[in-house]
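For reference, the chains in residue letters:
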Amino acid sequence: KEEEEEEGGWQQLYPGHIPTSPLQKALLAAGSAVMALYDPYRHDMVAVLGETTGCLALPNLRDKMKNHPEGYHILQERPRIRLSTLDMGRLQGLPDGSLGREYVRFLEDNKVSPDTRMPPKFVDDEELAYVIQRYREVHDLMHTLLGMPTNMLGEVVVKWFEAVQTGLPMCVLGAALGPVRLSTRKLQVLATELVPWAIRSGLNASCVLNVYYEQRWEQPVESLREELGIFPPP
Amino acid sequence: VYQVFESVAKKYDVMNDSMTLGIHRVWKDILMHKMNPSPGTLLLDVAGGTGDIAFRFINYVSSVRERQLQRKLKHRQNLSWQEIFESYQKDKFNSLGDSRVVVCDINREMLKVGKQKAQHLGYSEGLSWVLGNAEELPFDNDKFDVYTIAFGIRNVTRIDLALQEAYRVLKPGGRFLCLEFSHVSNPLLSRLYDLYSFQVIPVLGEVIAGDWKSYQYLVESIRRFPPQEELKAMIEDAGFFKVDYENLNFGIVAIHSGFKL
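Chains A and B, in that order, give the protein sequences.
Under the working numbering, residues 1 to 234 are what the first sequence spells out, in order.
Under the working numbering, residues 1 to 261 are what the second sequence spells out, in order.
Certain hints may be false.
[Claimed, not checked] Incomplete in silico selection of chain B near chain A, CB under 10 angstroms:
#	residue
1	R168
2	L195
3	L204
4	V207
5	I208
6	G210
7	Q216
Don't read these hints as lab results, they were simulated from the structure.
Note that the coordinates shown come from a computational prediction; the quantities given were computed from them, not determined experimentally.
Virtual Cβ for every residue (Gly too), placed ideally from N, Cα, C.
Next comes chain B alone, as it looks inside the complex:
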């Protein structure tokens, strides 16, 4: 799996856009809205490679923070302009409100691409990049408010271990969120989806990334991955409560959620 992602790293984003016709962006936005993080949240994004979730998180908490500050300003109408200016300045330096995201990935190349993207897009605060394995995370217990894994868990050999690690590093009250390809139950849609997956995606891989085999692997790994209910049971086995899932696009993708109590 490692070698697949080494060769795939640089063209990852282009491939995602081509394969999903840009819809993966919407899926990730929906994930972020479901998370609804407030400023001060500490997020761990596992298999987060090129930073898609991390950047969305930063955007989200920044805008929430922005609104918070605006509300604060409105309540200070009795103060002098000088006092308002000073308190605004103080808060401005904390534009993320102490929110932080740690991006963890097993692949150095993916992290490299992520860091370059961050620089290019102007993200500097609140981001950390850590090399690590989802089955054995380099973090202490009870550290994070939210754990996400977007399109990463199907590449983990021992999903149960990854889920256990997720449980371990989350604080009590913390939330587990998983965005992943899942199973389409509608038979007609399923056939069309299979046709597209097996006929078109490896071709896209060859034409765009010069790599048929990696994308053939990707399509096959999606088919092998446990369906919605089975994944839900696995998440419950790891100790999470109130485990639920939401199908997107008829089950092509699903968001699973659970809480550590």
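Just chain A, same shape as in the assembly:
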């Protein structure tokens, strides 16, 4: 009965929010980490890990956004990347090499959809919940900008980039442990070419969350890369 009253005092800050005690967060972090390693198809566990360990990185990201004009804009307007909000027809009609055209090409080639991103549950701040949501929805655009497919190798490379960019412990863990399941040949390519490039780009680039992608569909991918400071992919 005591626990029930304590939990009743916590509010649901956004739809889908589940308030949790520090102990629960710790248990969730540990449990989700183990489960994500045990069963790589449990993407929900990766999401939970990100939420429960992001208490330092998320405010950091939010502040970066607040202090940047475009980032600030995004925090105000809270755009969401979803099939229902994207004009797929228009994006497909854009010239080759433009962000919109390449993004759609990426979605089709890899048979993925922006709608499969988990909504946040365990972040206890409504604005930070949006930040992590934005990070998730922008992930596919990261693939597009980095030119990486959604196979294990591609995902690991993107994770390295994201780890450097965001500092989210979940990205760091994913980047460090993801390669475990790769063949030696792939590991070589990863270690010698892809990861150094991803790290260099990540460090050099300005914060990727400060880009209002929805207003830049016509911009050529190469130009956006240059603007951000992402080096051309090997």
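For this one, chain A is given, so just place chain B on it according to the hints.
Relative to the frame of chain A, chain B by itself:
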């Protein structure tokens, strides 16, 4: 409640093992020993979903039957080998001794999982799977020797109706058995139990089954359920006699028993 169990069905058994650290198996074994069914018993297991009680019942009566047959053989030492062989063969086809168990559950998904388990574990005879509601059972009066409901009654909206139905479908002389989470009176243990329930179980639900909310509900429903004496009174109200209960693990779980006379 229905939707809770739909999403929970497939991971039900894994979750039970994780939450109770495997102890739920012992509780169910104790229930079966208390029942002590003899071959020829007709059991109705309500909210029996994935078949835990049903399979234990079959194992129990099979082994009792096995011992019966062995005793029979011992008494036939004056017969020829041919005669012994023939009578043994006859009895072998009746390995359950006409015992049967009907598993009744309101949730199709749980029954599906139960049937798959039965197939996987090699249970074929003596089992029936019926979709039904504990508050309104699809069976005639005075049909069953034993009625069990293990970890199911707390999910019934009208417990009194379920108890009345239990009384109706039991034969005179039949036994009602209920295994359910109950109340811990020891204050220290109660606090530890609450801590574990509210802090750990929803986390396990999220990590193992991807479902925090269902397990939060489960923990809350346990707290809302009537304590031992109150349940005993409700069972008596339904018409049962010699109603009694046995606490397991200091009251974390209790087995209530009653008879229809």
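Comparing the hints with the structure gives:
1. The closest approach between the C-beta of R168 (chain B) and any C-beta of chain A is roughly 36 angstroms, which is over the 10 angstroms cut-off, so the hint fails.
2. For the restraint placing L195 (chain B) at the interface with chain A, the shortest Cβ-Cβ distance is roughly 7 angstroms, inside the 10 angstroms limit, so the hint holds.
3. The restraint placing L204 (chain B) at the interface with chain A holds, with a minimum CB-CB distance near 7 angstroms, inside the 10 angstroms limit.
4. A hinted interface residue such as V207 (chain B) counts as satisfied when its beta carbon comes closer than 10 angstroms to some beta carbon of chain A; here the least separation is about 4 angstroms, so the hint holds.
5. A hinted interface residue such as I208 (chain B) counts as satisfied when its beta carbon comes closer than 10 angstroms to some beta carbon of chain A; here the least separation is about 7 angstroms, so the hint holds.
6. Checking G210 (chain B) against chain A: minimum C-beta separation of about 5 angstroms stays under 10 angstroms; hint holds.
7. Below 10 angstroms, beta-carbon pairs count as interface contacts, and Q216 (chain B) has one with chain A at about 8 angstroms; its hint therefore holds.
The earlier numbered hint that this structure contradicts is number 1, and it is the only one.
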